[in-house]
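Novice: One letter stands for each residue in the lines below.
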Amino acid sequence: MIDISFLPAVVTVITFAFLVSFFRIMKGPTAGDRFIALDAATTITTALLAILAVIYDREWLIDVAIIYALLSFIAIIAIARYLEGGL
Amino acid sequence: MMAEILSIAAQLLIIIGTFFLLVGAVGLIRLPDMFTRMHAATKCTTLGAMCTLLGVAIIMQGSVAIKAVLMIIFIALGNPTSAHAIARAAYRSGTRMKIGSYDAFKEEFE
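Keeping their order, the protein sequence lines are chains D and R.
Residue numbers for the first sequence follow the working numbering, so the first one is 1 and each next one is one higher.
Residue numbers for the second sequence follow the working numbering, so the first one is 1001 and each next one is one higher.
Don't read these hints as lab results, they were simulated from the structure.
In this text, a Cβ means the ideal position worked out from N, Cα and C, and glycines have one as well.
Heads up, some of the hints might be wrong.
Just a sample of chain R residues kept apart from chain D, beta carbon distances all over 12 angstroms, derived [stated by the list, open to error]:
#, residue
1, 1001
2, 1033
3, 1103
4, 1106
To be clear about the criterion: a stretch of chain D counts as covered by chain R if any three or more of its residues have a C-beta under 8 angstroms from a C-beta of chain R, and this derived list gives those stretches [to be verified]:
#, segment
5, 10-22
6, 29-37
7, 40-46
8, 66-77
In isolation and in its complexed conformation, chain R is listed as follows (with noise of 0.2 angstroms):
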């Protein structure tokens, strides 16, 4: 009983997380500019990524599946840091959003 529940989880959560990362790269190409393809890239692959690295801990026990929460700790945390730095990076090169919107970096940064 056990082992099928842990089998369905572990099924479903690879699924989900490929159907995330499959999301964040169409989202890279039909996003109109950068902040906004990064907005669905680094979400979605994040949580994709997490997803099929726990279904992978779930299917190899043992030393494995220690190695792969590890693996997800430091996804969760690294993740959005990247893409953080690439955003402030960016936007001090000169980037700037297609959409007109409210820019509150820029009081800052004048």
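If we strip away everything but chain D, and leave its shape as in the complex, we get (with noise of 0.2 angstroms):
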């Protein structure tokens, strides 16, 4: 059985990162800063839902995972033809 007693702590970190790059949505001058920090968060969200289903045991967070991943992906090129002025 593989030890897991560390993962509490990598969540700390990656929670730490979540925040660190939500400071950047709140602040950034631009929208296409505001928009990097939202991908840079979704990815992290990613990472940090994943954690917690090897955390709890819970296989459904990993499907949640997948679907926060897709959606995320889809906001994001839809964000940037709003940018661009296609949409």
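The two chains are supplied separately, each in an independent frame; assemble them into the complex guided by the hints.
Specialist: Rendered as structure tokens:
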């Protein structure tokens, strides 16, 4: 059995990374800064959901992570088209 | 023996992935303008998420591992695509680099 007792510390560090990118979403001077920070934040959240699936031993959290990644990809593409003026 | 190697590999992959996620977030704060921030955020979070998901796939074997590997493939395909779309949209909406450099896009658009 693999030792997973270090994973709560990993969750703490990943949550800190999410909060740092969320600070950039709040502050970013241009719209592109906010969208880049949003892209990074969704990728960080995907990794965080996978870690939580290991900690709580719930398989459906992996499914949640898959759906989250797919929806965030589509949302980022739609936002980029909107920013470009083509939507 | 094999189980120990897999255990150490999974722990190392998760720690390396967490480190790269943190580095991407710090680069998002510290770098001066939008395109350099994108340089830090996109590459570091892509590698970090891929390493973390690979570690999760090793720990939780079975059907979860298949889903995690599918998600690794999707992140490797989708994350650079969305970053490219955002960069193109930001350039077309008027964002420019702060540090002076050769702008090859300008000749294409004008």
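Novice: The structure should be examined with respect to each hint, and the outcome stated for every one.
Specialist: Right, here's what the structure says about each hint:
The beta carbon of residue 1001 of chain R sits about 14 angstroms from the closest Cβ of chain D, which is more than 12 angstroms, so the claim that it is off the interface holds. Its closest Cβ contact with chain D, about 9 angstroms, brings residue 1033 of chain R to no more than 12 angstroms, contrary to its assignment away from the interface. No beta-carbon of chain D comes within 12 angstroms of the beta-carbon of residue 1103 of chain R; the shortest separation is about 16 angstroms. Look at residue 1106 of chain R: its CB is around 17 angstroms from the nearest CB on chain D, clear of 12 angstroms, so calling it non-interface holds up.
Under a criterion of three residues with beta carbons nearer than 8 angstroms to beta carbons of chain R, the stated coverage of the segment 10-22 of chain D is upheld, 8 such residues being counted. Check result for the segment 29-37 of chain D against chain R: holds, 7 residues qualifying (beta carbon to beta carbon below 8 angstroms, three or more required). Check on the segment 40-46 of chain D: 4 of its residues sit with their Cβ under 8 angstroms from a Cβ of chain R, so the three-residue criterion for coverage holds. For a cut-off of 8 angstroms, the count of residues in the segment 66-77 of chain D with a CB near a CB of chain R stands at 6, and the three-residue condition holds.
Checked against the numbered hints given earlier, the structure breaks only hint 2 and satisfies all the rest.
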